[in-house]
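Asker: Here our numbering runs 1 ahead of the position in the sequence shown, where the first position is 1.
The set of hints was computed from the structure by calculation and includes no laboratory data.
C-beta: ideal position from N, C-alpha, C; glycine also.
One should not assume that every hint holds.
[Unchecked claim] Derived DEER-like restraints, expressed as beta-carbon distance ranges:
#1 ALA76 - ALA98: 35 to 41 Å
#2 VAL97 - ILE46: 16 to 22 Å
#3 ALA76 - GLY130: 34 to 40 Å
#4 GLU84 - ASP127: 23 to 29 Å
#5 ASP99 - GLY65: 30 to 36 Å
#6 ALA42 - GLU117: 26 to 32 Å
#7 GLY130 - SER22: 18 to 24 Å
#8 ARG91 - ASP57: 25 to 31 Å
#9 ALA98 - ALA42: 20 to 26 Å
#10 HIS103 - ILE71: 18 to 24 Å
#11 ILE102 - LEU58: 21 to 27 Å
#12 GLU88 - ALA62: 33 to 39 Å
#13 GLY65 - PHE87: 31 to 37 Å
[Stated by the list, open to error] Subject to a maximum C-alpha distance of 20 Å in a straight line, what follows is the list of computed EDC-like cross-link-like pairs (lysine to aspartate or glutamate):
#14 LYS61 - GLU117
#15 LYS61 - GLU47
#16 LYS61 - ASP136
#17 LYS61 - ASP18
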Amino acid sequence: MDRYTTDAVGFLPYFVDDLGSAANACYRRAERNDCVIELPAIAAIETLYRVERGHDLHGKAPTGTSEQVIEGLEAFLPVTVVETGFEEIRLIPDLVADLSIHDAMIVASYRTRGTEGVITTDTEIDDLGVSVIWD
Numbered sequence: 002m003d004r005y006t007t008d009a010v011g012f013l014p015y016f017v018d019d020l021g022s023a024a025n026a027c028y029r030r031a032e033r034n035d036c037v038i039e040l041p042a043i044a045a046i047e048t049l050y051r052v053e054r055g056h057d058l059h060g061k062a063p064t065g066t067s068e069q070v071i072e073g074l075e076a077f078l079p080v081t082v083v084e085t086g087f088e089e090i091r092l093i094p095d096l097v098a099d100l101s102i103h104d105a106m107i108v109a110s111y112r113t114r115g116t117e118g119v120i121t122t123d124t125e126i127d128d129l130g131v132s133v134i135w136d
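Given the sequences, and given the hints that come with them, work out the whole structure.
Answerer: What follows is the structure, encoded as structure tokens:
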């Protein structure tokens, strides 16, 4: 089964129906259990932070609370939260020269877990030659 990594900026638009066409197709497949979308724990935490603070997404603010997001992640949202281990941590020193620590963690998860690509709008991740899924 195909697996994809997503970061917070690739996951938050799901809440306000503002995904790019390729990203939307991945999420629809995940809703049907035809693929797996992995959300690294650091991206799950950023998602909670942004929801709790009502961060704007292209003129749309996600509704709800961080607790509702946690409940959704546990019960019905089409993503699987994945932990960070030493395999990912070992990649971070080489990645932080080009990326923020957060983005480095996303790319490390993508690389160590061997997913098909990263669902994101982050151009810095795209600039590294990572397979980015969005439009």
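Asker: Look at each hint and say if it fits the structure.
Answerer: Against the structure, the hints:
Here the CB-CB span from ALA76 to ALA98 is close to 39 Å, well matched to the stated 35 to 41 Å. Restraint check, VAL97 to ILE46: a C-beta distance of roughly 18 Å satisfies the suggested window 16 to 22 Å. Checked against the hint of 34 to 40 Å, the C-beta distance between ALA76 and GLY130 comes to roughly 36 Å, which is consistent with it. Between GLU84 and ASP127 the beta carbons are some 25 Å apart, a value that agrees with the proposed interval 23 to 29 Å.
The hinted window of 30 to 36 Å between ASP99 and GLY65 holds, with their beta carbons roughly 34 Å apart. Between ALA42 and GLU117, the C-beta spacing of about 20 Å breaks the proposed range 26 to 32 Å. Distance hint check for GLY130 and SER22: the Cβ-Cβ separation is about 22 Å, which falls inside the suggested range of 18 to 24 Å. Under the hint 25 to 31 Å, the C-beta atoms of ARG91 and ASP57, about 36 Å apart, miss the expected range.
Judged by the Cβ atoms, the range 20 to 26 Å given for ALA98 and ALA42 holds: they are separated by roughly 23 Å. In this structure the supplied range 18 to 24 Å holds for HIS103 paired with ILE71, their Cβ-Cβ distance being about 19 Å. For the pair ILE102 and LEU58, the beta carbons lie near 22 Å from each other, so the given range of 21 to 27 Å is met. Separation of GLU88 from ALA62 is about 36 Å and conforms to the stated range, judged on CB atoms against 33 to 39 Å.
For the pair GLY65 and PHE87, the beta carbons lie near 34 Å from each other, so the given range of 31 to 37 Å is met. With a C-alpha separation of about 29 Å, the suggested pairing of LYS61 with GLU117 is violated against the 20 Å cut-off. A hinted pair counts as satisfied when its Cα atoms are at most 20 Å apart, and LYS61 with GLU47 qualifies at roughly 17 Å. Between the alpha carbons of LYS61 and ASP136 the distance comes to roughly 19 Å, so the proposed pair stays at or under 20 Å and holds.
Straight-line distance between C-alpha atoms of LYS61 and ASP18 comes to about 9 Å, which keeps the hinted pair within the 20 Å bound.
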